[in-house]
Amino acid sequence: MTAAPALSVEKLCVEFRTRSGVVRALDNVSFSVAKGETIALVGESGSGKSVTAYAVMGILDPAGRVTGGRAMLDGLDLLSASERQLADVRGRKMAMIFQNPRTALNPIRQVGRQIADVLIRHGDVTRKAAPAAAIEMLRAVGITDPVRRAKTYPFEMSGGMCQRVMIAIALAAKPSLLIADEPTTGLDVTTQAVIMDLISDLAKKLGMATIFITHDLALAGQRAARIVVMHAGHIVETAPTRDLFVNARHPYTAELIAATPDSATSLDALASIPGSLPDLRRADLPPCRYSERCPRKTERCAQPLPVGPPEAVHTIACWNPLPERAISAPKVNAA
Amino acid sequence: MTTLLDVADVSKLFPAAGGPGAWARIKRRFVGGPANLPQVHAVDDVSFAIGKGETVGLVGESGCGKSTLVRALTRLIDVSDGTITLGDRELARKTSRVFARDRDRARIQMVFQDAGESVNPRFTAFNAIADPLRRLRKLRGAALEERVSTVARQCGLPAELLSRFPHQLSGGQRARVGIARAVAVEPDLLVLDEPTAALDVSVQVVILQLLQRLKRDLGMSYLFVSHDLSVVRLLCDSVLVMYLGKIVEAGPAAEVFAHPLHPYTQALVAAVPRLHDDAGTQLRLSGEPRSPIDPDPNVCRFYGRCPRGMENCKAAMPALRQFGQRHVACHFAEEFLPRP
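If you read the sequences in order, they're chains A and B.
Numbered according to numbering that gives the first Met the number 0, the first sequence terminates at residue 334, and the numbering increases by one at each position without gaps.
Numbered according to numbering that gives the first Met the number 0, the second sequence terminates at residue 339, and the numbering increases by one at each position without gaps.
This is chain A alone, in the form it adopts within the complex:
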């Protein structure tokens, strides 16, 4: 990680004000992604993966508020930037692929036009040249017969095709940062493989930094160089992919790997994670939000979480991590 980070998020804190109290959705979230690098944010639902992405993009729900931290992209702090500055950066320098392409696309606008809109606003393409450029984008994301497809509406296409259109929209202005929020949830595994190939190829070609959000640890492992594991609004562990799978040190990461169906040979061998996410509205949240579910809890866990050296490759937010190589490398699946 010698390359300069394309995006660096430091101590990001986000709160949501709700009728039943303040939800502290993110607490001191720090990570960075280098130019051309792909990292994955992994965690169960409610862990704050999407909120992180929304905060960086500046599209948090009105009830949400960034209460601290910085997110630096090309010298601009996205968290304190004005809406006007953000509108220029979004689409041009950073773009996002959303989870459900059918609902994220405009249902009453032809897909070619939707791509042209972005090209005109952010891609320095003239109004006249935009339709042709949009067709080129469709071709680049592997849509056959792009001339005809440009004139179709999202409901006329399959989920995989819609996702390709969304990728075309996101990449229209050649951003330097791409956030993909569960881009293949709801697609078939065969389509998922093709779409993920497409995202990786284009990211490589454009030298983009990619943040890939998923709950599927196996998919993250396949696609990302580094994995950031989140739990209840905290980053619990960050490590290069291989290192994380072979040598997970945070108890939560280890449990998450053990619960992945792929890692087991029989259903009985799969381990579940006891307990559930703590209520983030509580005033007495422990410093380690996993401590109440944790089998390795000690007295030190009541103290603020340890902060590792910033240059560390493998960071663990835990006072009593699993010893190195404690988990034997899970058997490579024969199937």
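All the pointers check out, no bait thrown in.
If you want the ones that stay clear, here's a sample from chain A, every Cβ over 10 Å from chain B, calculated: (1) G35; (2) R91; (3) R108; (4) E181; (5) V306; (6) A311.
Just a few of them, taken from the derived set where beta-carbon distance is under 10 Å, the chain A residues facing chain B: (7) E43; (8) G141; (9) A217; (10) R241; (11) A263; (12) L266; (13) A270.
Note that these hints are calculated values from the structure, not bench results.
All values derive from a computational prediction rather than experimental measurement.
All C-beta atoms in this analysis are idealised placements derived from N, C-alpha and C, irrespective of residue type, glycine included.
Take the given structure of chain A and dock chain B to it, following the hints.
Then chain B, alone, in the frame of chain A:
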């Protein structure tokens, strides 16, 4: 193993959207014209059997007819052709509306994908579980309460949650309600339509283990519909792979996943992300599936996306052929057979 459910030559056709409109229909009626309206062949000549106590997985991409097949054999919709035999009873002859009041209705039950959406939002968990018991078992009063609490206990649903509405329950608890509701009437066959798709991995594990325990305790058979092959591998004894309305491969789950014979199954197995594996050199399917509207009966459904795709794939539809315990519908299946 005795056969519980026998499905023979089942087809389900739907009139295609985008077919002729009202004017064309009137014209055809009075003036004449092509007799056949375009039809979607959602399920095309499917046969298989489920043994007593067996767990069968049904996999395939969206739009391949999994759900239509499942709906047909749970008798929620009528089949166009074919027979469905449960034990010694033929079920397909009665219309679904009549079958809803049949004494055998309770013998096939279904667990739907997302219990949050498939359970009546105005029913408490108790009422959701009690409803099928009231309708199919005619239980009332103390007997009903007793049965609901027994089932809830079996499904690991604490008694204090029974008074809650679906939106007050967590995803895992909702899944338990959906399962409890289905097993309350003691079915012989439980059809599960992606019961864990909406759940986190940690909760998924608990629900899968619950399903396995219930099967052991209650002696049910399962038809498990899923697109998550790693789950199917763990839970199922045998597996059916569907592509565009046809079964393209069937056999013992472990063997099918270890040595897939049909090119579609091969692509499917290759596309499953694995923890210790990178995406580098894998088989990919290009393009979109063929249209299910009036497909050419002499062309393999997989032709066009298939990496093999030879001349005779266009000339003759490959039949489902048997190789030991396995069935494959591909002209080239022999080439992939493991050498003895």
